[in-house]
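*Asks:* Chains as they are written, first to last, in the UniProt record's numbering: chain A, 1 to 271; chain B, 1 to 281.
Check the hints yourself; a few may be wrong.
[Said to hold, decoys possible] Stretch by stretch, here's where chain B covers chain A in the computed footprint (C-beta under 8 Å, at least three residues):
| hint | region |
| --- | --- |
| 1 | 50-57 |
| 2 | 110-119 |
| 3 | 179-188 |
| 4 | 254-265 |
Derived from the structure by calculation, the hints contain no laboratory data.
In this text, a Cβ means the ideal position worked out from N, Cα and C, and glycines have one as well.
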Amino acid sequence: MSTPGTTRRSTERGAGTRLFLLRAWLPAGLLAAWWLASAASTSLYFPPLQTILETLRQDWLGPGFAEHLLPSIGKFLAGFLIASLAGIGLGLIIGMYPALRAAAEPIIQFLRSLPPPVLLPLGLLLFGIGPSMNIAIIVFGAVWPTLLNTIDGVRSLDPQLTEMTRSYRLTRAQKIRYVILPNAGPQIFAGLRTTLQMSIILIVVSEMVASTNGIGYYVLNSQQTFAVPQTWAGTLVLGLLGYLANLIFIRLERYVLRWQAGLLATTGSGA
Amino acid sequence: MKMTETYPQDKARTAPEAGAAVVNAEVLLQLQELQKNYGHVQILAGVDFEICRGEFVCVVGPSGSGKTTLLKCMAGLLEPSGGQTVFEGQQVTEPPAKLAVVFQDYSRSLLPWMTVWQNVELPMKNKFAKAERPARIESVLEAVGLGGKGSLYPWQMSGGMQQRAAIARGLAYQPDVLLMDEPFAAVDAQTRIELEDLVLRVRQEFDMTVVFVTHDIDEAVYLADRVVVLSGAPTTVSRNIAVDLPQPRNQRDTKLLPEYARLRAEVFELIQSAKSHATIR
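The task is simple: from the sequences and hints, build the whole structure.
*Replies:* Put into structure tokens, the structure is as follows:
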């Protein structure tokens, strides 16, 4: 097992490099084109990329790192984690009890139909300006996909697995930990991915209206003061942040659901 | 209420040890006038039989005779509409701790997110201390021919190996009785032969009482100390047939015995007549 394992790993690494090159050439080319095309620009709205990157380095690796980036990341993580845990926890309870599900369904459908930005005025009234408002907006706006997917995933348990857990007298906690949650895993993660994307959107939007720091505040403020390179730089940082968050999330998903990839691979090839 | 009783003539049975007839044996599991209806449809119409400690009983019946329903009522997974199951003197109202079920569809009873080892260990968590488990898991995996394969996931194994893993899980739970619901229906013929012999071997090794539900007449006669033949739905016991074939059995010699052929024909005829008398639904 060890020899084929290592061979496979080294070919995987080779394939990884190839994949990286395959993915990187276009963004790198576009950046280079942007750099060259904007080099001589005197337009107020389209400053040279060099200026933008200079600003990015000065602001975001300098004082902006602690003043704007860290608070944003902190609030985003707090909001995303609370939304995730609340979604999974409530989804588990609602999914396990049909009576509760019947009662909760209309309420959930109503709440999730509210466009999240509409929560901003209410959030401002209830929480004022500051991190708790930003986090609350993320939680109330982004919890729904995880909640709904968890309910669905919990319900989708094969009746024969339920019989197996009963016949072997697993406790409720064991059933949840070893059977229900892993079984719902693929659906929970699909929900979490949407929750993650909404969290990023909502942290920015809520910081724009109700914060005195953070990336959203920085971008809007720079635009209002005609600090255009800052607006560009902030936008780039946001893009990078979202990209990075997604990358980390996919890694985590692959690790947690590694059994599913194997299962799909074997059933898919009919082996 | 542990009862001891003399078997009536028609329920004569053979002990697991070669040929030694047992007249007095401890009754482990009793089905008393077991009935089950689904809505207006009667599936079980008073099924009545007993299983003694150490016995290997095969339950055969025509398809649609409610074999799985019967097994679920025995396992405490399904509440009967009438009558009762008594296991070790207690009425069965929930799955007993000393009873394990091996389900027909192994691919839906093993957990794909756990390795074979973890699958086997899961039901042991409430029964065995952590330190006791590894040696026991090792030994049951060895017994079912999966020694050293504990780190595989079920989906990395063939159907036959998965069912071996499911049997190992049942054995590791250390039940007094193992209920098997058409466990080899989904594997190919050669694997089935291997698994039949495997079940006979582990039954001996772990001194297990086995109730084996199947629609396969050959399998039933080959494995059993006694065959319980069911009628078609609504189901009752149509006959108890003692299988007095010598132990240990083997696929070639046992099946060449005239007695084997006679028993097989007897069960076959009963099933055929049950089919023709079954209410058409």
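*Asks:* None of the hints should be skipped; say for each whether it holds.
*Replies:* Hint check results:
no.: 1; hint: 50-57; in the structure: violated (count 0)
no.: 2; hint: 110-119; in the structure: violated (count 0)
no.: 3; hint: 179-188; in the structure: holds (count 4)
no.: 4; hint: 254-265; in the structure: holds (count 4)
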